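Based on the hints, put chain B in the right spot on chain A.
Number of protein chains: 2
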Amino acid sequence: MPPVGAGLWRSLPAHQVYGANTNVGKTIVSTVLCNAIQNQRKKAAFLKPVSTGALDDADDRHLSRFGAGTLTKCLYQFDEPVSPHLAAKQKMIPRDDDLLASIHQTLSDWARSDIDLALVETAGGVHSPGPNGNSQADLYRPLRLPIVLVADSRLGGISSSISAYESLVLRGYDIQSVLLFRDDYYQNHEYLADYFNKKSIPLVSLSAPPPRPAVENVDTQAKDEEAMYSYYRQVSAESDILRLLEELNTKNQSRIARLEEMADRAQDLIWYPFTQHQGMKSKDITVIDSAHDDYFQTFGSSQSKKSNAELRPTFDGSASWWTQGLGHGNPDLSLSAAYAAGRYGHVMFAGAVHEPALSLADRLLKTIGNPRFTKVFYTDNGSTGMEVAVKMGLRAACDRYGWDASQEKISILGLKGSYHGDTIGVMDCSEPSTFNQKVEWYRGRGHWFDFPLVKMVNGTWKVEVPAELKAELGSEDAQFESLGSVFDLEKRLSSEAAERYKTYIHSTIKDLVERHGMKFGALILEPVILGAGGMLFCDPLFQRCLTDVVRDHPELFSPNASSPKSAPSWSGLPVIFDEVFTGLYRLGRPSSASFLDVHPDIAVNAKLLTGGLIPLCTTVASQEIFDTFSSPEKSDALLHGHSYTAHAVGCTVAVDSLRTMDDMDKNGSWDGFKADWDSKSANSTSSGSSDVWSVWSQSLLQDLSRAEAVESVFGIGTVLSVSLRDAQGGGYTSTAAKGLQQKLAAGGDQFNVHSRVLGNVLYLMSSVTSKPESLQELEKLLRSALI
Amino acid sequence: MPPVGAGLWRSLPAHQVYGANTNVGKTIVSTVLCNAIQNQRKKAAFLKPVSTGALDDADDRHLSRFGAGTLTKCLYQFDEPVSPHLAAKQKMIPRDDDLLASIHQTLSDWARSDIDLALVETAGGVHSPGPNGNSQADLYRPLRLPIVLVADSRLGGISSSISAYESLVLRGYDIQSVLLFRDDYYQNHEYLADYFNKKSIPLVSLSAPPPRPAVENVDTQAKDEEAMYSYYRQVSAESDILRLLEELNTKNQSRIARLEEMADRAQDLIWYPFTQHQGMKSKDITVIDSAHDDYFQTFGSSQSKKSNAELRPTFDGSASWWTQGLGHGNPDLSLSAAYAAGRYGHVMFAGAVHEPALSLADRLLKTIGNPRFTKVFYTDNGSTGMEVAVKMGLRAACDRYGWDASQEKISILGLKGSYHGDTIGVMDCSEPSTFNQKVEWYRGRGHWFDFPLVKMVNGTWKVEVPAELKAELGSEDAQFESLGSVFDLEKRLSSEAAERYKTYIHSTIKDLVERHGMKFGALILEPVILGAGGMLFCDPLFQRCLTDVVRDHPELFSPNASSPKSAPSWSGLPVIFDEVFTGLYRLGRPSSASFLDVHPDIAVNAKLLTGGLIPLCTTVASQEIFDTFSSPEKSDALLHGHSYTAHAVGCTVAVDSLRTMDDMDKNGSWDGFKADWDSKSANSTSSGSSDVWSVWSQSLLQDLSRAEAVESVFGIGTVLSVSLRDAQGGGYTSTAAKGLQQKLAAGGDQFNVHSRVLGNVLYLMSSVTSKPESLQELEKLLRSALI
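As given, the protein sequences belong to chains A and B, one line each in that order. Per the numbering used here, the very first residue in the first sequence carries number 1; after that it's consecutive. Per the numbering used here, the very first residue in the second sequence carries number 1; after that it's consecutive.
One chain only, chain A, in its complex shape (with noise of 0.2 Å):
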C-alpha cells in the first residue's frame, strides 16, 4: 500500500475524537458536535472506522439516529463486544495502511463535497488496540488528525485523561480541544480546565447525558429517545460548543495560513546551512508540516493539485542528511527521549557519571569490535568528534616523536575528496576545495593521495584509476564479477595491483618527507566512501594498502620512530577513521572499517548513533593513545569539552537505536536484501567479503548504470549513488543532477522524493527501517526518469 498522506483540506475541518478511556461519551459528544453543526444549516460527517459495538457506549448509527441529518459512516463493522483486535480475529481483517487509505479517501471525497465538519471516532480508549493488534495512537498517526480528545468525568477521570493527553502528545498529535461531561462530585471538569488552559487547549464541559433507562422495553426505549433528543437539541445550543465548533474552524484556516506562509517568513528569519541565498526563492523552501516513518509531510507539493489534499508523503530520500535510521516519529524513541529528559534532563559530566552515558560507551564498543578501542569521548556532533580525534592523533604523533607543535607545522595524510566538518580545525585536514576555500581562516595541512574508484559502468563493478595514477597504478582499469569480489582484501592483497598501490603511497610519503620535509601526525580516512566530498567509493584496497604502508614504515615518519613494544600500539601514524557517515549499519554493517580488516586507533560515530532524532557524537581511541594525554600536568590533559557533554536524552535514545540496530542485524531483518545480492552476485565466500549487500537491488543497479544519461552507479548498505554524465566535468558546482533531482521531486502517484545532489552526482538512501515496499516504488520512479 502507498503511504498515507497526513489530513489535512482547506475546506474541511477534519477531527479525529478519541477518548480518555472507554465509555466516557466520545459518540455523544461527536452527536453534540455534528448536531450543533447540522442546526446552524451546515453539514457534519461523522466516521466510524471500526466498529465492535464493545468499546463505546454507542456508535455510527447513533449518529444516524440523533445526528439531525449527520452524514455517517462506518468502514469495518463487528459485532462481538470486545476490542477490534479480538474481533479482527475471527473476520476478514483490514491491513491498518488499508484502512488509514480508506479514511484519507473518504475525507478526501467529504471535503470535495459540502460537508463543514468531519469526526473521525476511534474505539474505546487511545491505546487499545485496533484491528491488527497495534495501538490506535501510533496506527493512526501517519493521518496526525487534528485530536479532539473527550475527557472522564468519572472517578479517577483526572488521571485518565491527563495520561491520554501524554500519550498522544508523544506521538507528535495536536490536541485542538478537549470536552467532558460535567459532574459537580467529582468536578474533573474544573480540575482539567485548568490544566489545559495552562496548555492553551479550551476546554468545554457539557451537560451529562440522561440516564439509561434500567431496564429496556418499547415504552423506555421510547422514553429515552426523547430524552436524547431532547439533551441533544438543549445542548448543542449551548454557546461553549457554538464558539468551540467556530475556534475548530478557525485553526482549521489558520493552520493553512500558517504553513502558507512559512515558506516566507523562513525565507525572512533563517540563515540556511550550506545555502546560497541569493536566487533562493520561497518556492525553494519544503515545508515541512511533520515526518512519519519515512516520509516528510510536505505542504503545497506539486502532486496535491491533483488532489484536493493540502499535505503529500514525501520520502526522506537523503535520510535528513545522513542521520535517519529508525524512522521519523518513532514512538518508542521518543519516549526513550523522555524518559531520560525525566529522569536527568541534563547532568554535568565532568568528573561524575550516569547510567545512560556509562551504557552506551559500554554498547558502543561492543557495536564496533575493535579490540583497540578502549575510551570514548563524548561531543556534539561530527565536526567536534573530529576535532577531538585530531587532537588526540597529533599529540599521540609529537609526543612519540618528539615535535613541538608550536614550532613544526605538522600535516595530517588523508585522501581528496575527503570532509570531515566545518569547524576551522577539521576543515583543515581536507585539500582546499569549494568548501573550504574561502573561508578566511582555512589553511589546509596536509596530504591528500588521489584514488581509484569503484562504479558500477554499464552494467559491471569496475574499479578505475584516475587519468593522473595511471602511470603508477597500471593502466588498466580493473573489472569485478561482483561488488562481494571488489571487497575480497584476503584475495585482492596479494594482487599485482596491491603491490603498486603500496609502492607508490610508500615513494610518495618517503618524498614529501625527505625532500619536502613535511611532518605527519596522523592518518585520517572516511572507509570506503567519501560522503559529502562527492560519494566517492574508494577501492578498499586502495584504503587498506594506504594504512599498511603507514603501519608497517613507522621510519617514513620520523628517524625516531621504531616499530611500537607491544601489539595493539599503533605504528607509523595514528589512524584515524571517521565513520561519523559510514558506520553504525549506514553501509549495512556495524562499522564501515571491517570493510577494510582494519582496527583505526581512533574513530568517530555520529548521525546514526541516536538513529536520527538528537545530535551526539564519540569519538573512540585506544588505551594507548589516552595514555598519551597522561600527565602529573593538568595541562596535558585533552582540555576539551562542550556543555552537554554525554547529555543523557542523546545517551538513552543511542543506547536504544544501537540495541535495535544490532537486534536487527543479528534477527536477519535485512535477509530479504542480503538474498537479492547473495543469488545475482558470486559473492566471494572468503571472510570479510561474504556481507556486501545494499537495500538497493542489483538489477536496479545494472538498469541504471545502462541509461544514456548515467555515467556510473554504485549501492552499498543503505546508499545509492547515480553519478550523471556532465559534458562541463562534473564536480561541486555541476548542474548535471538537477533535472533528475527535480523529476523525483515532482513523484509518482504514491509520493514525492526528497533528495540531494553533490555536484554531478544524485544519491539516495533509506533509513535501516524502509519498508521493501517503498524502496520497489522509489526503484521504479528512478527507472521512469532514468531509463
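Just so you know, these hints were derived from the structure itself, not from any lab. Remember, it's a predicted structure, so these values are computed and weren't measured experimentally. Hints are not guaranteed to be accurate.
For chains that are exact copies, the list does not tell them apart, and a pair is met inside one copy or across any two.
[Stated by the list, open to error] 25 Å max Cα-Cα, derived PhoX-like pairs, lysine-lysine:
id, residue 1, residue 2
1, K199, K771
2, K438, K409
3, K438, K634
4, K519, K409
5, K366, K199
6, K73, K42
7, K634, K738
8, K771, K666
9, K634, K743
10, K281, K634
11, K743, K780
12, K199, K666
13, K43, K251
14, K198, K666
15, K42, K251
16, K281, K738
17, K780, K674
18, K366, K674
19, K198, K771
Showing chain B alone in chain A's frame:
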C-alpha cells in the same frame, strides 16, 4: 523544607504502587504481595501516604485486616470519598514537601528494622491529584521509587494501562513490574504481557478476587471476609508471585551493585572532558542516579553514612556547566521533547522549514531585542556557533576592506581571559593559555586587551585596574556605592575614566595596525563576564568604550574604511558577542548586551537556550552581515552546517524554555530577589542600570567579601563568584579554592553541593527557578565554610 533524597535502601526494597486507573485493585495486589512475604516468615510493610477512602477499593485498613501481619501505616487520613485535593480543602493540608519527607523518614525507619519489603500506595490513577492538587506522578517524583504498576483488567484497560505507563516513564520512573487480574473475556493480561515483555518488564496476572456481596450485612460480611482470606491464601502462594518478589529483591540489590561499580566502570570506559586522568580515582567520580529540580541524586555521598539512605540530594551548583535553567527532570520540557520527537524526529533543514525552527527564530529575536538582528543560523553548541560567528565576521570585514585572507593574516580583537569553545577555529580567538597552548594546531590570531575588573572587596564594589594598566587607565581603583552604579553607563560615559579607556584603546589599536601591520576582522566579546577564563567580571564601561572606539573609528582598521551608508550597519569591525554563557537570563536579563547598551552585529546563544536539556546553539546576525554572503556563486555562501541543524526536538524545547523564562521575567517571578537588591542598594534610577540584581543576597556578598580567606566576590543574576586568596597568585592551576569546594561537597544537614572551581575562583550558579529556601541553605553553607 529540605529537599528529599530519592528512595533507595540496601536492606529494603521499597516500591511505590501506582494504578492504571482508580479501582483497578491496587490494595488487593499490595495485600497479595504482603501476604506472600509474610507467609515466607519475612516482614512486609505498607504505607498509605494519603487515604481518602474514595479513590481506592480498599486502603491501609484492608491491609491491616488481610495482610497476614503486615505492618501498615497511613500518614494522612481523609474520610470524604473524593479526590485528596478536594478533601484537603476541608482539613489541614500536608505540604507536598512534608509528605515526601514523612515517606522518606518512614521508609528509612523501616529499612533500619527487619522489614523485607515496603510498598507505598498511591491514590487513584497516576495523575490523580495529591493533597495540594499536583499530580501524584509529579508530586512523588523526587523520591523516584521503583514502581509496581497495577494495570486495568477491565474493558478499555489496555489503553489506560499503557497510557499510565507512559506518563510514568516520561517522568523518569522505572517500572519494575506490572500486575493485573486475569479476565478471560477481555484478555487484557495477554495483550499487556506481550507489550511489557517487549520492554523487559515482567507482568504477572492474578486470579480476580471474589466478587463483593451485593448487600452488606453481618452475614454477608463474614462470608465476604472468609472468601477474601481464602483468596489471599491461594493467590499469594502462586509461583508467579513468589518469583516476582524474588525479582524485586534482586533488582534492588543489583541496582545498588551497579551504582557501586559505576565509578570504576567509568574509569575504564570514559575519556572525560577537561580532565587529567592521571591520579584520578574512582571515588572522585560522582555517581548520579537521577536528578530533579536543582538536585542530583548522588550515590555514596559522604553524608549518607549518617543515614541509611543510599542516595542524597546534591545541589547542582555549576548548573551542570551553566546549562541548567528550568530544573532537572522538568516534566513540561520532557513532554515538549517527546512531542517534537513524535511529530518530526529530526527532519532535514537545508532547503526546508518546520514549525519549531521557525517559531524559535521568531521568538529568539524578540527575546534578544536587538533591532539589528534579522537572521538566525542554527548549530549544536557554543563552540560551533562561535565558529560560524567568526566566519561571518571575518568575511564581512575582508569583503569591505578588500583583504585576501588566503594571503594575509587576519586577526581578531578581544579581551584577555576570553574563551569561546574548544574547536580549533575558536580556540584561535583566545590568547595562548593553559587551555589551548598544548593543542598542536592552535595558533592564537588576535590582540587581547587587559581590562579593569569589577569586584566586591571588603564590602565595597570596586573597579580595579590591573597593575600593568595603572599608568594608562588611572592609578586609583574606583569605588561604587552599588553594583547598579557600576552599570550606570549613561553617567559613567561622560567620566574621565571613559576618556582614559578610549584613549588607551584607540592608541593601542593604532599601534597594532600601523606599527605591527595587523589586520583585524572582528571584535569578539563575552559581555559582562568572561566565564571559562576565570569568571572575570569586566568593567562594563571598558567593554562599552572598546565597542565605541571600534565603531567610531573605522579608519583605524583600513584606509579604505568609510562610515557605512545606512544606520544599522556595522562600522569599524563586525562586533560579535559571545553570550553562550551570559545570555538568556543567566545574568538576570534576556540579553547581557543590554548591560552595555550595545547592539552587536552578531551574537551567539546556547546553554540556557534549551532550559538545560539538550544541545542547541544559535548564531544571530544583522541583515548586512548576511548580505555579505549573497552572490551568484554558491561558493560564496556560508558553507557550514551540521547533520542535526535546527533539530526539531531542540527547537521545540527551546521555544518552551524561552517562553517560560520570558514569562517569568514579565510576571515578577524574581521580584523577591530584586527587592533585596533594590532596598539595600541605592541603584541608580537612570535607564539601563535599574535592573541589576542577583539571586544571591547582598548581605552574603558583603559578609563573604570581608572573610579572611576571600580576596573578592561578586554576584549578578544567577552567578556567584568567590575569589580565594592564593599566596601563589591564582590562575587556572591554583588549588586555593579546593578546600572550599570540598567543604561544600561534604554538605550540610540537608544536602551536598556540587561546585566547580576555576583556579582560585569558586563559583556557584543556580537555575532561574531555584527556590529561595534552597539558596538560603546554600548561603548558610557558604558562610559556615568561610566566615
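K438 and K634: within-copy, between-copy, both or neither at 25 Å Cα: The answer is between: 11 Å across copies meets 25 Å, while 37 Å in one copy does not.
25 Å Cα cut-off: does K438 pair with K409 within a copy, between copies, both or neither? Result: close both inside a copy and across copies, 22 Å intra and 14 Å inter.
Can you tell me if K281 and K738 fall within 25 Å by alpha carbon in one copy, between copies, both or neither? Result: close within a single copy only, 16 Å intra versus 58 Å inter.
Checking an output row: K743 and K780, CA cutoff 25 Å. Within, between, both or neither? within (12 Å within a copy, 69 Å between copies)
State whether the alpha carbon distance between K366 and K674 is at most 25 Å within one copy, between copies, both, or neither. Cα proximity of K366 and K674: one copy only (23 Å, versus 53 Å across).
Intra- versus inter-subunit Cα pairing at 25 Å for K42 with K251: For K42 and K251, the Cα distance is within 25 Å only inside one copy (18 Å; across copies 60 Å).
Under a CA distance limit of 25 Å, which applies to K43 and K251: within one copy, between copies, both, or neither? within (18 Å within a copy, 58 Å between copies)
If the cutoff is 25 Å on CA atoms, where do K198 and K666 land: within, between, both or neither? Let me know, please. Cα proximity of K198 and K666: across copies only (17 Å, versus 47 Å in one copy).
With identical chains treated as interchangeable, where does the CA-CA distance between K634 and K743 reach 25 Å or less: within a copy, between copies, both, or neither? between (58 Å within a copy, 22 Å between copies)
Classify it for me, K281 with K634: is the Cα-Cα distance of at most 25 Å met within a copy, between copies, both or neither? between (52 Å within a copy, 15 Å between copies)
Pop the pair K519 and K409 into one bin, within, between, both or neither, using alpha-carbon distances up to 25 Å. both (7 Å within a copy, 23 Å between copies)
At 25 Å max between alpha carbons, let me know whether K199 reaches K771 within a copy, between copies, both or neither. between (37 Å within a copy, 24 Å between copies)
Consistency note: the structure conflicts with none of the earlier hints.
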